[in-house]
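Number of protein chains: 2
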Amino acid sequence: MAVYTDITDEELALLLADYDLGTPVAFKGIAEGVENSNFLLETTVGRYFLTVYEKRMREEELPFFLDLMRWLARHDYPCAAPMADRAGQTIKRVRGKPAAIVEFLPGLSVRRPTAAHCREAGEGLARLHLAAQGFPGTRANDLGQEAWAPLFATLRGAAEDLKPGLAATIGADLDRLAKAWPVGLPAGIVHADYFPDNVFFNAGKFAGAIDFYFACVDALAYDIAVALNAWCFEADGSFNITSARALVAGYERHRPLSDAERAALPVLAHGAAMRFFLTRLEAWGATPAGALVRPKDPLEYERKLAVHREAPDLVLFGDPA
Amino acid sequence: MAVYTDITDEELALLLADYDLGTPVAFKGIAEGVENSNFLLETTVGRYFLTVYEKRMREEELPFFLDLMRWLARHDYPCAAPMADRAGQTIKRVRGKPAAIVEFLPGLSVRRPTAAHCREAGEGLARLHLAAQGFPGTRANDLGQEAWAPLFATLRGAAEDLKPGLAATIGADLDRLAKAWPVGLPAGIVHADYFPDNVFFNAGKFAGAIDFYFACVDALAYDIAVALNAWCFEADGSFNITSARALVAGYERHRPLSDAERAALPVLAHGAAMRFFLTRLEAWGATPAGALVRPKDPLEYERKLAVHREAPDLVLFGDPA
Chain Z
1 MAVYTDITDE ELALLLADYD LGTPVAFKGI AEGVENSNFL LETTVGRYFL
51 TVYEKRMREE ELPFFLDLMR WLARHDYPCA APMADRAGQT IKRVRGKPAA
101 IVEFLPGLSV RRPTAAHCRE AGEGLARLHL AAQGFPGTRA NDLGQEAWAP
151 LFATLRGAAE DLKPGLAATI GADLDRLAKA WPVGLPAGIV HADYFPDNVF
201 FNAGKFAGAI DFYFACVDAL AYDIAVALNA WCFEADGSFN ITSARALVAG
251 YERHRPLSDA ERAALPVLAH GAAMRFFLTR LEAWGATPAG ALVRPKDPLE
301 YERKLAVHRE APDLVLFGDP A
Chain R
1 MAVYTDITDE ELALLLADYD LGTPVAFKGI AEGVENSNFL LETTVGRYFL
51 TVYEKRMREE ELPFFLDLMR WLARHDYPCA APMADRAGQT IKRVRGKPAA
101 IVEFLPGLSV RRPTAAHCRE AGEGLARLHL AAQGFPGTRA NDLGQEAWAP
151 LFATLRGAAE DLKPGLAATI GADLDRLAKA WPVGLPAGIV HADYFPDNVF
201 FNAGKFAGAI DFYFACVDAL AYDIAVALNA WCFEADGSFN ITSARALVAG
251 YERHRPLSDA ERAALPVLAH GAAMRFFLTR LEAWGATPAG ALVRPKDPLE
301 YERKLAVHRE APDLVLFGDP A
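Protein chains in written order, with the working numbering: chain Z, 1 to 321; chain R, 1 to 321.
This is chain Z alone, in the form it adopts within the complex (with noise of 0.2 Å):
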C-alpha cells in the first residue's frame, strides 16, 4: 500500500480538461499497489481510477501495457479500459510522470481463497489467454527463466543471509530449471502476476482482473503455473491439491491443456515460484529499514520452492483425471 504521488485538486482539473469525463466529484488516494500511486477519481460522468507510474515502470513499456488493457476490454474480458482523451492518448503527465486514467473495474479480492475462487480464478485466466490472442502487441518476459540466473549471481549474499545454505540450493535448483525447462509450449498474453489480490470476485463469481504491468509474451502454462503457487497453498505451507484441482479443472473449462503442458506444469510451478522468490529476496535487501512499504517475506517463497523441489509430483495431482 502506498501513495508516492500527491495530486491537487488543481492538478487533477488540469488533467481532466483534457477529457470528455466530465467534473471531479471525489478523489481519493487508495492504499492499493505498491509500484504506483492510485487514486479513486469519480466524476459527473463516470468512475475510473488515475493511475500514477512510479520509478520503477519504464515509461517505453506503458504503451504496451495500456493498449493490452484497451484490448481486453474490446474483447470481453473484464479489465479496466483506459480511457483516451481527446486527442486519443491514454498516457498523460501529471507532475512529470506518466499517468493513465482507466475504467473503474468493481469487485473483491479474497484474501484466503476457497476451491471454488480457485475454480474461478482458473477460469478468468484461461479467458484472459483467449481474449488476448490476436493482440498485436509483444514484450518479453524480462523475469523468465532465462533471467533467474544472472539476477541471483548478485543475491547469493542475500540468500546465505536468509538461510545458511540456501544459496547451493538455489543455484542446484536453477541448474535442474535450466536442463528441464519446456520449450515449445502454447504461447501467448500471460498475466505472470496472477495473485488473489490481482483478481476481482462478485458474489463468489470471477469479476475481472487488474495490474497487467507485468503482462509479457510467454508460455501460457506458465501462467497457470504462477497462479497455482500464488492460489493454492495453504498458510502453514501445505499444497491444497483440491484448490489446484479446482483452478486447473477451471482454467479448463475454457482452454484444454494440452498433454505437453499438463506434464510441463510440475517444472513450470517450479519456476514460478523461484521467479517471486528472487525478486522477493531482492526487494527485501533493497528495502531501507523504516520504509513506507514493507517488502513480502521472501521465506513464504523459498518454503514454496522446497515443495516443488521435493515432491515435484504434487502439482500433477491437479489433474482432474
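Hints may be right or wrong, so weigh each one.
As the list claims (entries may be wrong) - Below 25 Å or equal to it, Euclidean Cα-Cα: the simulated PhoX-like pairs (lysine-lysine) are:
1. Z:Lys55 <-> Z:Lys97
2. Z:Lys205 <-> Z:Lys179
3. Z:Lys97 <-> R:Lys28
4. Z:Lys55 <-> Z:Lys296
5. R:Lys55 <-> R:Lys296
6. R:Lys205 <-> Z:Lys28
7. R:Lys28 <-> R:Lys92
8. R:Lys163 <-> Z:Lys205
9. R:Lys92 <-> R:Lys55
10. Z:Lys205 <-> Z:Lys92
11. R:Lys55 <-> Z:Lys28
12. R:Lys163 <-> R:Lys296
13. R:Lys97 <-> Z:Lys28
14. R:Lys296 <-> Z:Lys28
15. R:Lys205 <-> Z:Lys296
16. Z:Lys28 <-> R:Lys28
17. Z:Lys97 <-> Z:Lys163
18. R:Lys28 <-> R:Lys97
19. Z:Lys55 <-> R:Lys28
20. R:Lys163 <-> R:Lys205
21. Z:Lys55 <-> Z:Lys28
22. R:Lys179 <-> R:Lys205
23. Z:Lys163 <-> Z:Lys296
Bear in mind the hints are in silico, worked out from the structure with no lab data behind them. These numbers were taken from a predicted model, which means no experiment stands behind them.
We have chain Z already, so just place chain R on it with the hints.
Frame of chain Z; chain R shown alone:
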C-alpha cells in the same frame, strides 16, 4: 495517510451480515486520515465508508461523535450519516477495534482554497452550527484554552529544540491568552478541526464536512478562529485578508456574529493557532524516525502564532464592515 488495520473479505462479510446493506461489490483502503483506518465500501445497495478506530480514539467518546453525525445528517447538514445495523447499533467491532459504517459523502477537498472557497466554507460552518442546535449530547473541549498551559508544561524542551527562545515566547502567549480569553460568547457544538481537508466541495460549492472526531461544545466563534488559521494563510506565511473577509461574510450569511464575537476574533484566532501549534509540537516529538505517518510541521503554526501575536487586529480586517 494510513491504513493501520487490514480487513479481510471474510471479516467484511461477517460485519455486513449484521446490516441490511446488501453484499460487498468493492472494498478499498483509503489513504486518508492519520488517526483511523478508512475503507471505501460499495455494496449491492449503496456506497459507504468503513472506519476502524485506532488506539488514539477513546471508545467511550464514539457515541457522541456518531450521534452528532446522525443528528446533523437528519437536520439537512451534508455529512456522512452512520448506518445502524439490524439491532440499531452504529458502533461495531472489527478485529477487536471499534468500527462504524457511514454513508459515502461525495465531494472534493481543495488544497489551496481561493477566497470563493473560503466564502463557501464559512457558509458551511455556520450551517453546521445551526444544524447542531438542539443536539442533546455534550463533550468538553479537551484541547481548549484551559488545556494549553498544562500541555505546554510537558513541551518546553521540545519548543526550545524547535527554536531557541521559543519556550519563553509561548509561555508569554499563554499568559496573554489566559488573561484575554473571552467568556460568555454564544456556545454550541463546534467542529474544532474545520480544515480544508475536512471540507468537501462540488463544482466550487460547499458539499459537506467530514471528520467530526474533535467536535465538542465551545464558543461558536472559536470554530471561525480555527478556520481563519486553516484557510486564510498563504503558503508564504502571509495572512490573506480577502480570504478571511470572505470566510466571515459567508458565515454571516447564515449566522451573523454579535459584536462580542467579532471583537473576540483576534484572541480566539491567536488561541486557535496555539492549540494546533501545541498538538503538532507534541506529535513532532512523539513520532519515531521512520514511522509510517509523517507528522505535520509545528513551525507552520509557530509562524501563524507570530502573526497573531504581532498583528492582533489583522483578522478583524476580515470584517466586511
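- prompt: Does R:Lys205 lie within 25 Å of R:Lys179 when you go C-alpha to C-alpha?
  reply: violated (39 Å)
- request: Could you grab the alpha-carbon distance between R:Lys205 and Z:Lys28 and see if it respects the 25 Å cut-off?
  value: holds (19 Å)
message: Check the hint pairing R:Lys163 with Z:Lys205 against an upper bound of 25 Å on the C-alpha distance.
response: Status violated; Cα separation ~60 Å.
- prompt: Within 25 Å, alpha carbon to alpha carbon, are Z:Lys97 and Z:Lys163?
  reply: Measuring from Cα to Cα gives roughly 39 Å; hence the hint is violated.
- prompt: Straight-line Cα separation of R:Lys92 and R:Lys55 no greater than 25 Å?
  reply: holds (15 Å)
message: Holds or violated: R:Lys55 and Z:Lys28, Cα atoms, limit 25 Å.
response: Roughly 24 Å between the alpha carbons, so the hint for R:Lys55 and Z:Lys28 holds.
message: For a C-alpha distance cap of 25 Å, please report whether R:Lys163 and R:Lys205 respect it.
response: Judged against 25 Å, a Cα distance of about 40 Å means the pair is violated.
- request: Would you mind confirming whether the straight-line C-alpha gap from Z:Lys205 to Z:Lys179 stays at or under 25 Å?
  value: With a Cα-Cα distance of about 39 Å, the restraint between Z:Lys205 and Z:Lys179 is violated, given a limit of 25 Å.
query: Is Z:Lys205 within 25 Å of Z:Lys92, Cα to Cα?
result: Violated, because 34 Å separates the two Cα atoms, which is more than 25 Å.
message: Can you confirm whether the C-alpha distance between R:Lys28 and R:Lys92 stays at or below 25 Å?
response: With a Cα-Cα distance of about 19 Å, the restraint between R:Lys28 and R:Lys92 holds, given a limit of 25 Å.
query: Going straight from one Cα to the other, do Z:Lys97 and R:Lys28 come out at no more than 25 Å?
result: Distance ~24 Å between Z:Lys97 and R:Lys28 Cα, so the pair holds.
task: Sort out whether Z:Lys296 lies within 25 Å of Z:Lys55, counting only the CA atoms.
output: holds (19 Å)
In terms of the numbered hints stated before, the structure departs from hints 2, 8, 10, 15, 17, 20, 22, listed from lowest to highest.
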